[in-house]
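Peer 1: Whole structure, please, built from the sequences with the hints as guidance.
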Amino acid sequence: MNQFRVCLMICAIGGASLCSGQMAPPQLFSGMEGYTFLPDGTAIPIWGYGWVADGYITLPGPLLEYTQDEFVQLNFTNPSPESHTIHLHGLDVDQANDGVPATSFFVVTGQEATYEFTADYPGTFLYHCHVTTTLHLTMGMYGMILVNRPDMTLFEGGPSYAKNAPILFSDLAIETNVDAVQSFPFHDIRPDVFMVNGVSGNQLEQPDHIIDFEPGEPIALRLGSMAYSLMRLDFPSELNATCYMSDGRPLPEPFDVEEMDIFPGERFTVMIEPVEGWDGYIGCEFWNIPDQELDGEQSIHVRDKSLSVGEWSELIAPLGYPNPTRSSISWNGPASVSVFDVSGVLVFQGPLDQGQLHVNGWSTGMYTAIFPDGNRSRFSVIH
Amino acid sequence: MRLCKSLIAIFLALISNCISAQDTLWIVRGEWTHIPDSVQAIRFNSSADWSGINATLSRASDESTSLVVVNTDSLSHTWKLHVDEEEEWAIEAFDTLTFEIPALPIGTYLFGLTDEIGRVLGASGQLQVGLGVEFPLFHWNLGDWSVQRMASANMGVPVAWEEPYVPEQFTINERTYPATVDDPEALVAMNLGDTCWISIANHGFMDHVFHFHGFHVIMVSSTHHPERVGWSKDTVPIRMGEGLVVQLVANQMGMYPVHNHNLIAVTNAGFYPGGMITQIHVMP
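Here the protein sequences come in this chain order: A and B.
Each residue of the first sequence is one higher than the one before, counting from 0 in numbering that gives the first Met the number 0.
Each residue of the second sequence is one higher than the one before, counting from 0 in numbering that gives the first Met the number 0.
Hints listed in this document are in silico derivations from the structure and should not be mistaken for laboratory results.
For clarity, every value in this text was computed on a predicted model and none was experimentally measured.
Each hint can be trusted.
Simulated coverage check for chain B against chain A, where a stretch passes if three residues somewhere in it have a Cβ under 8 Å from a Cβ of chain A:
(1) 159 to 168
(2) 200 to 214
(3) 227 to 234
(4) 245 to 255
Just so it is clear, CB atoms sit at the ideal spot from N, CA and C, and this is done for glycine as well.
Peer 2: What follows is the structure, given as structure tokens:
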């Protein structure tokens, strides 16, 4: 019911924008009723950000991309039951737009706000809620911001790249997310889920989490951390990795990188130009900072695009709505669908009911829908 | 004999104090009341009187000088200046040591007790070399504190280093937020267009990382990452035992937080906001 109310409010906001007759800029909203799913399908409650047009929050929040020198107006609405803000981490915005409640402003329940700034510097930045930061950020209210240059160079006079690969590290403590009210105190929080772009384990082998490269075309890895952990990355020599930037500024001297530490809130831009035919991993270690112990490991798959499996690389996922869903999800176009759970077990096969798939009674978790044309779409069922 | 030694030490200290206010440091034990759970602590003080705040030393660059250390504690300790020479010096209970500070380049260095009790009870300060000359200087001594570990150490119980480390308090200049913004050394107050340096030392038992709202800072010096001098950063790691200096240019007005971005460290006994938070105030 609560989700329904949130959706109505978001639809009303979206509708009002459309009625004005102008193309409304995308608008972020904050939500406190989302889920993320562990590799075994376990649903973990999250708070977070999402696009109003999508109607659901994600972990991490949507990637925000701007062009250098652009005057940005970031519209934000908060239909959730608590106040939130957006802190634009590293963009050096003025006090009024800093997103710190005590020195700028809260966005209380039902309120809209616009954060304004000029994207002076190209680079990698972050955003997160700065209300009771320990709790709100831990619950998932964060995302990455990229400020790009139109000529696809990292910075004026810097090297050019073929594409960005945003990589945001984070972690969460299941106990905290499951029961946010009882989550205090925070000085002894011990994360037990270690994530790269919000997923972990074999989820990182899903096509949209694999970095495919074309030989000879450099990729800009946009690395940032919202984790409690200290990140220690291992770059195999075949990646030809060179670090050019940190915290949205060019380094005086770029350096070749084999191992890199990233502390909470830090960002680095590392260019890779892997050798032709390479298929391997960037190792990601999550170190507990107080105890200096290794808590978790993840691997980012990097491979020559020619080695990717055809049907996955050509994937064009139809957008289902609503997603996550409690009762039904609909797609435009396909007449039938096969649905598999996270274990690969077929749970449904057959025609859609006027474009809708009814999921009443289904277990909470993530599912993959495969359509007759081979396209796939992932969706989540919540209760 | 012990009384005689102490009197001689105080006499020597008084003489040296006449030459320069920072030629002598006293090792003093007392009640640290700046955190809610007041606890016995050891400090380097600039007089024989107890203060919960460690003293800061200042020296010109590239000049060797001497330092007198007076141990008013009833225990012997070992002390070290954390520079390239990793030599430790023993100082007996109620004894006095004259120590040669070598010629050093511009930067921030740590000194402190290295024996278990002295270290856990927090006797550690920063030596500023060649700072405060060109630009106004602020300083942040970072500390993380397990009150239980301190209480045990104070009673002579060996520290169980293998157990998980769960500090409850996180301090800048031995204070927790919001008291940090009442400390003129921790609160960075500037006028628009001015430049300052901030001298930062991590005396704790874990790495820390500070995020500057509203500004990037330039790395001026670092004991652990000299290759980063000249980098422009808004999020600056300070490794355990590291001393570093950053330059801040106040290019916009307003009030901006600076805080540890390891969120366990922006709490007081687990409750937010607290711990390692201070502010930058830029006035017209």
